Amino acid sequence: MSIVCRLVDVCEITMGQAPAGSSYNEKGMGYALIAGAGDFGEMTPHPKKYTTKASKISKVGDIILCIRATIGDLNWSDKEYCLGRGVAGLRPKKELDSKYLWHYLNTRKSLLSSKGTGSTFKQISRSHIESLEIELFPLHEQKRIAAILDKADSIHRKHEQAVKLADDFLQATFLEMFGDPVVNPSHWNKYKLKDITTKIGSGATPKGGKSVYVENGISFIRSLNIHDNKFLHKDLVFINDAQASALNNVEVKKNDILLNITGASVCRCAIVDNNILPARVNQHVSIIRSEVVNHDYLLHILISPSFKQYLLSIARSAGATREALTKDQIENLSIPIPPIELQNKFGIIKKKIKNMVEKMVSASENSLIEALNDEYF
Numbered sequence: 017m018s019i020v021c022r023l024v025d026v027c028e029i030t031m032g033q034a035p036a037g038s039s040y041n042e043k044g045m046g047y048a049l050i051a052g053a054g055d056f057g058e059m060t061p062h063p064k065k066y067t068t069k070a071s072k073i074s075k076v077g078d079i080i081l082c083i084r085a086t087i088g089d090l091n092w093s094d095k096e097y098c099l100g101r102g103v104a105g106l107r108p109k110k111e112l113d114s115k116y117l118w119h120y121l122n123t124r125k126s127l128l129s130s131k132g133t134g135s136t137f138k139q140i141s142r143s144h145i146e147s148l149e150i151e152l153f154p155l156h157e158q159k160r161i162a163a164i165l166d167k168a169d170s171i172h173r174k175h176e177q178a179v180k181l182a183d184d185f186l187q188a189t190f191l192e193m194f195g196d197p198v199v200n201p202s203h204w205n206k207y208k209l210k211d212i213t214t215k216i217g218s219g220a221t222p223k224g225g226k227s228v229y230v231e232n233g234i235s236f237i238r239s240l241n242i243h244d245n246k247f248l249h250k251d252l253v254f255i256n257d258a259q260a261s262a263l264n265n266v267e268v269k270k271n272d273i274l275l276n277i278t279g280a281s282v283c284r285c286a287i288v289d290n291n292i293l294p295a296r297v298n299q300h301v302s303i304i305r306s307e308v309v310n311h312d313y314l315l316h317i318l319i320s321p322s323f324k325q326y327l328l329s330i331a332r333s334a335g336a337t338r339e340a341l342t343k344d345q346i347e348n349l350s351i352p353i354p355p356i357e358l359q360n361k362f363g364i365i366k367k368k369i370k371n372m373v374e375k376m377v378s379a380s381e382n383s384l385i386e387a388l389n390d391e392y393f
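For this note's numbering, count along the sequence shown from 1 and bump the result up by 16.
Be a bit skeptical, because a hint or two may be false.
[Said to hold, decoys possible] Pairs of lysine to any residue, SDA-like flavour, derived with a Cα cap of 25 angstroms:
1. K270 with I150
2. K269 with L252
3. K159 with D89
4. K131 with I150
5. K215 with N245
It is worth saying that the hints were derived from the structure and are not from the lab. Since we're looking at a predicted model, the values are computed, not measured.
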C-alpha cells in the first residue's frame, strides 16, 4: 500500500544562500562551502573554499541537491557544510527513508532539469522541489527497496571501475608494446591514414531530423554514441530502409572505427558494437575502415593521450568557434605501422581483457537477480 504526496510534506528543504564574499578563505576557517556541483565528489563533497559567515547549514545524513546548472546531481552530507546558492539541503522526516529518497531523486533528475529557467545558468526554485510528487510506501518497504537499489548501484559502480581498470591496463600495455605514437621511439614506418584505409567518410541526417526516427529499423549512429573505446547504446536511434538506402555510402561495417569530427565531443573514438549492425552514421561521425591494419591497434593510436592532444590541436587550429576535423585532415594523419603480428598480439590481449570484464559483469548481474528473487519471492 502506498500513497502519493508532495516532497515538502515528508522532507525539510533548506535552500542554499551565498555567504558574504569577504568571509571566504582556503585556510579551513569556518564551514566548508558547497557552492554547487563543482564542489561535489562521487558520493560526498570535496569543497575548495570555507566561509566564516555560514547562514544555511546541512547536517550529517542530509542529501545535498544541485539546483543550478547541473540540476539534480546529488551528494551526501557527511558533516556540516555551508550550503551556497547552487544547492539545497534535504532532510527526510521520520516517515521517509533517506536512502529511498536518494534513489527516488536519481529517477527524477531529468524531470527537475526540465523545469530549470534562466538564460545563463538554468536553475530550479524551492517551489519546484516542494511540489515534486513522491510515492510513499510503509517505512519498512522503503528500506527494502532502497537496499535492493543500493546493491544494484554497487554492482554498477564495480562495473565502471572494472572497465576503467581494463582501459588503463590496455593503454599501458599499448605504450609498452609500441611506445608513444607521436614520438614513435621504435621508428616504425609511417603512412598517411588514407593510404592504409579503404574508407574515410561521414554521413548526413535524414530530412526531417528527429521527427523521422522510427522505433525499430536501421541503427543511426550519432556523436553521443561515441566515447573513447566505448560505444554507448543509450540514445541510439533508428531510421527506415528508404532513409538508410540514401546513406548507403556511409554504411557501417564490422569493426569499423568511428571518430567524432565536430563539436564538444570532437576526437572521441570507438569501434562500432557489431551487434547493432546494420547501421549508418550522421554528419558528425566519420567512419575509418582499414583492411591492412588491426582495428584495435589503430583505435588505440587515435585515443592515446599524446595523439589525442595532437588531434585536438588540429581540430582547434582553424580558429573557428566550433572545433572540427575535416576529411582532408583525417586522411593525412601520419600513423606509425609496426609488424602486423605485433598489432594482432595487442588485439588478442584486448579481447582477453574484454572477455574477462564481461564475465565479471555477467556474474554481478546474476547475483543481483538472485537478490531480487530473494527479496520479492
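Evaluation of the provided hints:
Between the alpha carbons of K270 and I150 the distance comes to roughly 46 angstroms, so the proposed pair goes past 25 angstroms and is violated. Taking the CA atoms of K269 and L252, the gap is near 17 angstroms; set against the 25 angstroms cutoff, the hint holds. A hinted pair counts as satisfied when its Cα atoms are at most 25 angstroms apart, and K159 with D89 qualifies at roughly 22 angstroms. For the hint pairing K131 with I150, the CA-to-CA distance comes to about 17 angstroms; that is within 25 angstroms, so the pair holds.
For the hint pairing K215 with N245, the CA-to-CA distance comes to about 20 angstroms; that is within 25 angstroms, so the pair holds.
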